[in-house]
Structures are given as C-alpha cells and as structure tokens.
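Mind docking chain A on chain V? Use the hints.
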Amino acid sequence: MGSFVWLWHHSSLIGNFVKRDLMARYKGSAIGLFWSVIHPLIMLVLYSFVFSKILKVRVGAEEGTGNFAIYLFCGMLPWNAFAEALNRSSGVVLEHANLIKRTIFPAEILPVYLVVSGIVNELIGLAILFAALLFTGHHFSPLVLALPAVLLLQVTFTVGLAWIVAATTVFIRDLGQIMGVALTLGLFLTPIFYPPALVPEGWRILLSINPMYAVVEAYRSLILLGRPPAWPSLAVLGVCALTTFVIGHRIFRRMQPAFADVI
Amino acid sequence: MYAIEVSELSKVYRIYSNPKDRLKEYLLRGRRTYHQAFWALRDVSFRAGVGSTVGLIGDNGAGKSTLLQLVAGTLRPTSGSVALKGRVSTILELGAGFNPEFTGRENLFMSGAIMGISQKEMGRRFPEIADFAEIGDFIERPVKMYSSGMYVRLAFAVATSVDPDILIIDEALSVGDQYFQKRCVDRIEQFRRSGKTILFCSHNLYQVLSICDETIWLRDGQVAMAGQTSRVVGMYENYLRERELPRAPVIRVDQGPRTFPWISRVRLSRDGEDVECDQFMTGDELAITVQYEVPDPPTPVHLGVVLYRNDGVEVFGTGTHVANVKPPAHSGSIRLRFPALPLMSGEYAISVFLLDDHGVHFYHQREREFTFQVVQNVQALGLCHLEHRWEVEVPSDPGEQPSFSSGVARG
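Chain order of the listed sequences is V and A. For the first sequence, the working numbering begins at 1 and goes up steadily by one. For the second sequence, the working numbering begins at 1 and goes up steadily by one.
Just chain V, with the same shape it has in the complex:
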C-alpha cells in the first residue's frame, strides 16, 4: 500500500516526465503531437487493408465484431503499451545516469513514467478504435465503463515488471537483449494475432498463466463483445499485478543505492 501512496506523492514529477517524454518524441517535427494520432490510425488502416481486403481473414461473431482488423487492433493496443514500457525500462536508468549520479532524485519514478507514457499512447489508440467502431455502427455495452479498472490492473502489473527490468538491467546489461526476444515471444504466445479458441487443448495452460492474455481478453470482452470478462483470468491478473507491483518496488528500492556505483 505504501508503494501506491509513494507514487501518488510523486505524481506531479511523473507527470512532468511523461509530458516531456511525449513532447520529446515529436520535438522539432512540423505537426508535433499529431503524429501520436497518425501512427495508430495508419496501423488500423493497414490492418484493415491487409487482413480484410487481401487475406480476407474473418473471425466468428464469438470473437468480436467479426472484423479481424478491429479484433487485432483491440488486442495490439494494450500489448503495445506493455511491451513499449518494458522495452524502454531496460535502458532508462542508464539514460538518466546524469540525474541519478548528480542530483538527489527519486529514481523509482523513471520506469513509472515510461509506463504512463505508453498508456497515454494507448489511450489515443483507444479513441481511434472507438471512433472506428462507432463509424461501423457498433453498439457499445455499458460494460465499457469498466475498462478503466482493467487498465489500472494492467498499469499495476506493467509498473511492477518495469521496476524489476529497470533495476536488474543496470547490473546485468544482457537483460536489454533478452527483453527484445522475450517481448517478441510474448506477442506471439498471447492470442493477439489469433483467437484463443484456436489454441490446442493441451496448450491452454499457457494462456491461463499469462496475465497479458487476461488483459487482452478483458479488453475484447468489454469493448467488442459487451460481455463481462472471464472472472478466473481476471483474478489471476489481479493477483499477478499486485504481487509484481509490491515485489518490483522492493527489488528496485533494494538495488537503487548501488546504481550510482555501476552506471
């Protein structure tokens, strides 16, 4: 619980870092932050073109609206936010070596701001998804309002992992390379490109222990199907998120004093 209070205490500083991160990405470009909108928009159009027009992939009504591009996009949004945060976490301490060595500064917020920054991009993507759904005449269920709760669990889980990755990479630099591979594996092992129903019976166990599967499925249930998500997988997610968060914070705090010696 203390970890949450601590985060709240630094929310203004985290906000500043997020703002700077988002602005830095498009600094000097002519249309600036507008790129954040164009990127996901192009992805959605591309998915639609490739999967619906060329490959003519269809998913059953059980898996959403029947439009595969929308189905894929809905799964990609939370995954991208997750993967981006973790991938960047591996280098974040080194990147801010100057701040850590030269100023009195709460380094714990570094992975956190990456997660929040990823979430901001995800929200832009969600807005585009919602617009596309409205455009195609999709009827939203009031259950969509429960999405922030899922988002919160997702953030909690991601922050916990990001702390572990950020702290450990300082001492074991190879983790940066490992993360790239692990995230690619994760992308394909989580049913994002394919519906979970296609996973053979014997391999379902892989899904039930994958918290990101729970996240992706919850998104699809709430947004596309208008159904409450599967409670067991949500429970797994909740437990995983809280444990990871608490342990991650401990690990980071424990390793932090030694950062300045190594970087």
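Hints listed in this document are in silico derivations from the structure and should not be mistaken for laboratory results. Positions of the beta carbon are idealized from the N, C-alpha and C atoms, including for glycine. Check each hint, because a few of them may be wrong.
[What the hints assert, rightly or not] Quick list of simulated restraints, FRET-style, between CB atoms:
id, chain 1, residue 1, chain 2, residue 2, range
1, A, V378, V, G176, 57 to 63 Å
2, V, R254, A, A83, 48 to 54 Å
3, V, F140, A, A83, 57 to 63 Å
4, A, S148, V, V120, 30 to 36 Å
[Stated by the list, open to error] Reference listing, derived: stretches of chain A covered by chain V, where coverage requires no fewer than 3 residues with Cβ under 8 Å from a Cβ of chain V:
id, region
5, 99-106
6, 317-330
Structure of chain A alone, referenced to chain V:
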C-alpha cells in the same frame, strides 16, 4: 551546532575485470570474490559548522567528487556516516538533466520538478532565474542553440534558485567567462552572508582562499590536512611545487681525512632558542647557526648561506664576505639571524658554503641539506611577505585637494 557531520566515511568501489564476474560473484553470494577493491575514500571525518564555508582541494582522483556525492546523498558510503541539518542543494554538475531539444523555459520547469519545486512556485521564481541567467530571448529557444556560456548561466541560475540550508558545489565556477564567474562568486557570497553552509570544491586555489573559512585537502582518498584555509592551501601549494621538481638525491662522498676547513654542523632555531626547530610561522625569528672546523694552520674563511624554496626558486642568499664580517680563522661558530622571517607557507631548504678569504673558492658546500617549513598566519599570496602600506584616495568635494588616508600593514 554542525550543519554537516561526516564521520569515518569510506567508499570502496568494486572493480570487475568483466561484467560476467559481477554476476558470478552475486550468484555465489560472496563465497568467492571476483572484484578488486578500490578505496576512493578512506576514513574521512570532518564537521562544518552552521554558516561556515568549507573548501575541498586536492589532485584529480583524490576523492573530492566522491566525497561531495556521498555528502549529497547520490552515492551510498561503504562505511561511516553523514549527518546533515537542513535542506540540501547540490551543484555537482551544471545542467544535469537538461534536454537540448527543449527550450530554456521548459528545462527550467523540469529541473524545478526534479528538485522538488512545484510548478506554481517555479512560475513565481521564473523571472528572477531568467534575469540572473541573462540570456534574454533565448529562454524561449531550444537549449541546443545556446552557447556554452549561456548554458552554464542558466544551469547555475536554476541550481541556486532553490533556497537551501546547505549548498554543495563541485567545480561549478571553473566554467564560463570572467563575468559569469564573478556573478557566481557574488551569489555564493550572498549565500554565505545569509548564513548558509557551503561545501565548495575547486581547483582554483585563489577562489578557495577567498571564499572558504576552512579547507580540507584530500590526498589519495584521505584527509591530508584540514583547518584554516590559508594554511591548508599553503601546504597544498607546497606539495604541488614539490611534486613538480623531483628532489635531487643528496650525494655524500667520504672525503677521507680533511685537510681543508669544513662545515661540521648546521642548526636552525627559533627566536634565539637553543632548541632545534624546522617549523616556523611567518614573522618568527629564524636563526641559522653554522659550526665549522679549520684544521691547522688557521685559515681565514667566509660563510655563505642561500635559501631556496622547494621548487628551486632562490629566495635569498648572502655571505660574510659581502657583509664585511670576519669569521675567526680557526674552528668556530657563526649565527645568521632573520629577525622577522617574511616567508610565506611552504617548504624551504638552505645551502651553506664555506669559502676562502676572497669568497671565491668553495672549501666545503652542503647544498639544500637543511630544510624547514613555514606556515603563514596572514592572508596573502606569494613567496614572501613584503612590508607594505595601503593608501586610499578619498573622493572629495570639488575644489578641494584630494586627501589620502593611509594604513600600514605589517606581517
């Protein structure tokens, strides 16, 4: 009341020959060690009273930055403790955390956030900071377009804009032009006057002399000397000179039975005391007593004495032949007195010569064999304390003759 209390502070860095070793050692949990220990700092203790300004000097790699980082809390000590009273602000590196793509204003607010100043508070201080930095319209342009001078001005302005009780400054003033350095010194003076405690590290010994009450000299991670600034800086300068000039080995040659006059003993003492002494204060009396032996038959001799500083500078030399003093032509002893030694801090050496009656031929010479140290108790620079007086011209009403007020200073 002490603002900074550092006791037995040590910092050991573990040096691994490759990153794998770090992992191995961690996994074996200390059953085997793969590192080499490097003591960046060993058993350093000092205290700084509230409102005092403490200087930190020493060679590169002596541990100054490590000590400052430990006091600031950005590094954790291996052993020992640091106790601080009050809010700390550090200037360990100017512009740490500036992002070159952002404007000066944006970077200011970001730095403020990192230092824990709310955006509202920062907004209130902004005009003052921008004013001090003197970068004009550039405040709205990306920092990457700044000249290095503008960059450090902005960084210094923001770093000192917080209102700390303890200010830790590392080498901040060694950048920028004269004008900027002057403004920084003014700012620091202002901090001093308002009773802040300052820990100040610099290679500019003159700045240390003029700003710091007390100074710590670090050498190889340990305190070589600490205390009154003028004394510590004096000894450090002396050490620097000594290192410059490798001491010539003293060659002693067994001369066999002596057939010519020779110097048998040289003794340094203070204020006519008989006790031998090699530590003097500026203004002490230095007496050099030379005993010499003259084998039969009696031969007229003269005595020459030359003082050197340890870097080889010839300070002063004289002899009985130029002063028209006639030493006895048989074995005896002569004393040369400097009633008020005008030398400044440092290490000095004396050469003694025994000459023939024309003062030309050397019977015996003992070069730089006798050394002594001087510690100064006056605030001044240089080799020796010249007697001087100041005269101030007081601006007067038009029509009147300018008048002088004068004061005489004596060491």
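Consistency of the hints with the structure:
no. : hint                        : result
1   : A:V378 x V:G176: 57 to 63 Å : holds, 59 Å
2   : V:R254 x A:A83: 48 to 54 Å  : violated, 24 Å
3   : V:F140 x A:A83: 57 to 63 Å  : holds, 60 Å
4   : A:S148 x V:V120: 30 to 36 Å : holds, 35 Å
5   : 99-106                      : holds (count 4)
6   : 317-330                     : violated (count 0)
Hint check: violations occur at hints 2 and 6; the rest are consistent with the structure.
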